[in-house]
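J.: My request is simple: use the sequences and hints to build the entire structure.
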Amino acid sequence: MSDPWQSTERRLLKLLADRTAFGLNRAEERELQQLLGVVPDFDTESMERAAATVQLASTPIEPLPPAVHARIRACGRRQVRSSGGG
Amino acid sequence: MPLCLLQRVAAADADAVDECLAKYGGLVWSLARRLCPRHEDAEDAVQEIFVEIWRNAGKFDPEIASEVTYITMIARRRLIDRYRRRQRDLDIAVLEESAAASPAEHERWTEVSEEAARARELMQQLRPVERQVLELSVNHGLSQTQIAEATNLPLGSVKTHARRGLIKLRKLLGMESAGGVTGGGL
Numbered sequence: 069m070s071d072p073w074q075s076t077e078r079r080l081l082k083l084l085a086d087r088t089a090f091g092l093n094r095a096e097e098r099e100l101q102q103l104l105g106v107v108p109d110f111d112t113e114s115m116e117r118a119a120a121t122v123q124l125a126s127t128p129i130e131p132l133p134p135a136v137h138a139r140i141r142a143c144g145r146r147q148v149r150s151s152g153g154g
Numbered sequence: 058m059p060l061c062l063l064q065r066v067a068a069a070d071a072d073a074v075d076e077c078l079a080k081y082g083g084l085v086w087s088l089a090r091r092l093c094p095r096h097e098d099a100e101d102a103v104q105e106i107f108v109e110i111w112r113n114a115g116k117f118d119p120e121i122a123s124e125v126t127y128i129t130m131i132a133r134r135r136l137i138d139r140y141r142r143r144q145r146d147l148d149i150a151v152l153e154e155s156a157a158a159s160p161a162e163h164e165r166w167t168e169v170s171e172e173a174a175r176a177r178e179l180m181q182q183l184r185p186v187e188r189q190v191l192e193l194s195v196n197h198g199l200s201q202t203q204i205a206e207a208t209n210l211p212l213g214s215v216k217t218h219a220r221r222g223l224i225k226l227r228k229l230l231g232m233e234s235a236g237g238v239t240g241g242g243l
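Chains A and B, in that order, give the protein sequences.
So for the first sequence, the working numbering puts the first residue at 69; every next one is plus one.
So for the second sequence, the working numbering puts the first residue at 58; every next one is plus one.
No lab work stands behind these hints: they were computed from the structure.
One thing to keep in mind: the hints can contain errors.
As the list claims (entries may be wrong) - Sample of chain A residues with no beta-carbon within 12 Å of chain B, all distances over it, derived:
| no. | residue |
| --- | --- |
| 1 | Arg94 |
| 2 | Ala95 |
| 3 | Arg98 |
| 4 | Glu99 |
| 5 | Gln102 |
| 6 | Gly105 |
| 7 | Ser150 |
Claimed, not checked - Derived pair list, reagent style DSS-like, types lysine-lysine, alpha-carbon separation capped at 30 Å:
| no. | chain 1 | residue 1 | chain 2 | residue 2 |
| --- | --- | --- | --- | --- |
| 8 | B | Lys80 | B | Lys116 |
| 9 | B | Lys225 | B | Lys80 |
| 10 | B | Lys228 | B | Lys116 |
| 11 | B | Lys225 | A | Lys82 |
| 12 | B | Lys80 | B | Lys228 |
| 13 | A | Lys82 | B | Lys228 |
| 14 | A | Lys82 | B | Lys116 |
These numbers were taken from a predicted model, which means no experiment stands behind them.
Quick reminder that beta carbons are idealized off the backbone N, C-alpha and C, glycines included.
T.: In structure tokens, the structure reads:
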């Protein structure tokens, strides 16, 4: 007889992988949320970290254009000062 | 132990904003350029991403992920949201060329971090077809159908290769312990 924990885990992994790679339809998203209700401490971001690895492996780095850098810098300093951080 | 950049941002250290931009600005810009066909879109996307990074800096946990992985994750999430909203067709020929970047091309990159090198080592442990499908889906936001057309793979196989690749990478990254379960095959 199959272990229900194992089958829940396998289904969760498949759904999380599908969500990360292609997105889920409404029924799949509902199923994912139901399964996460059963396993609330499952690390849902783990698949996104795997996807980040794919991007890091194959993204040639170009410098940020100076004008964009200046704009974001000003915005970031304002935001950090006004919010007091995080 | 000294605070890392994101922890300093969370502690309202404005200088950390400058350092963070200097260190990760190129990475975020490069990720945005891949998924934003227009230069102006990429500029807006990068600003949105950094605003979200500053806002979420306090949630960063160095025990779970490296700073560069965390930033890439936030950037990807935001870019995919924008991309899927736009649903713009991409030039598949260009994508194929980009996805097939050779190791020699990688060596020409001016800023190759240790993290990127480690990521490439991990990617080498996937099957070539898993790498190809993941690069097209994760890096370029292509749908299952678009990938099937670009690669001549059956539609169902595209999803299976993407799943296997991601689950394998997750396991390689040691994420199974964070989730409290084993990586598992399909």
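J.: Hint by hint, where does the structure go against what was stated? Just the numbers, ascending.
T.: 7
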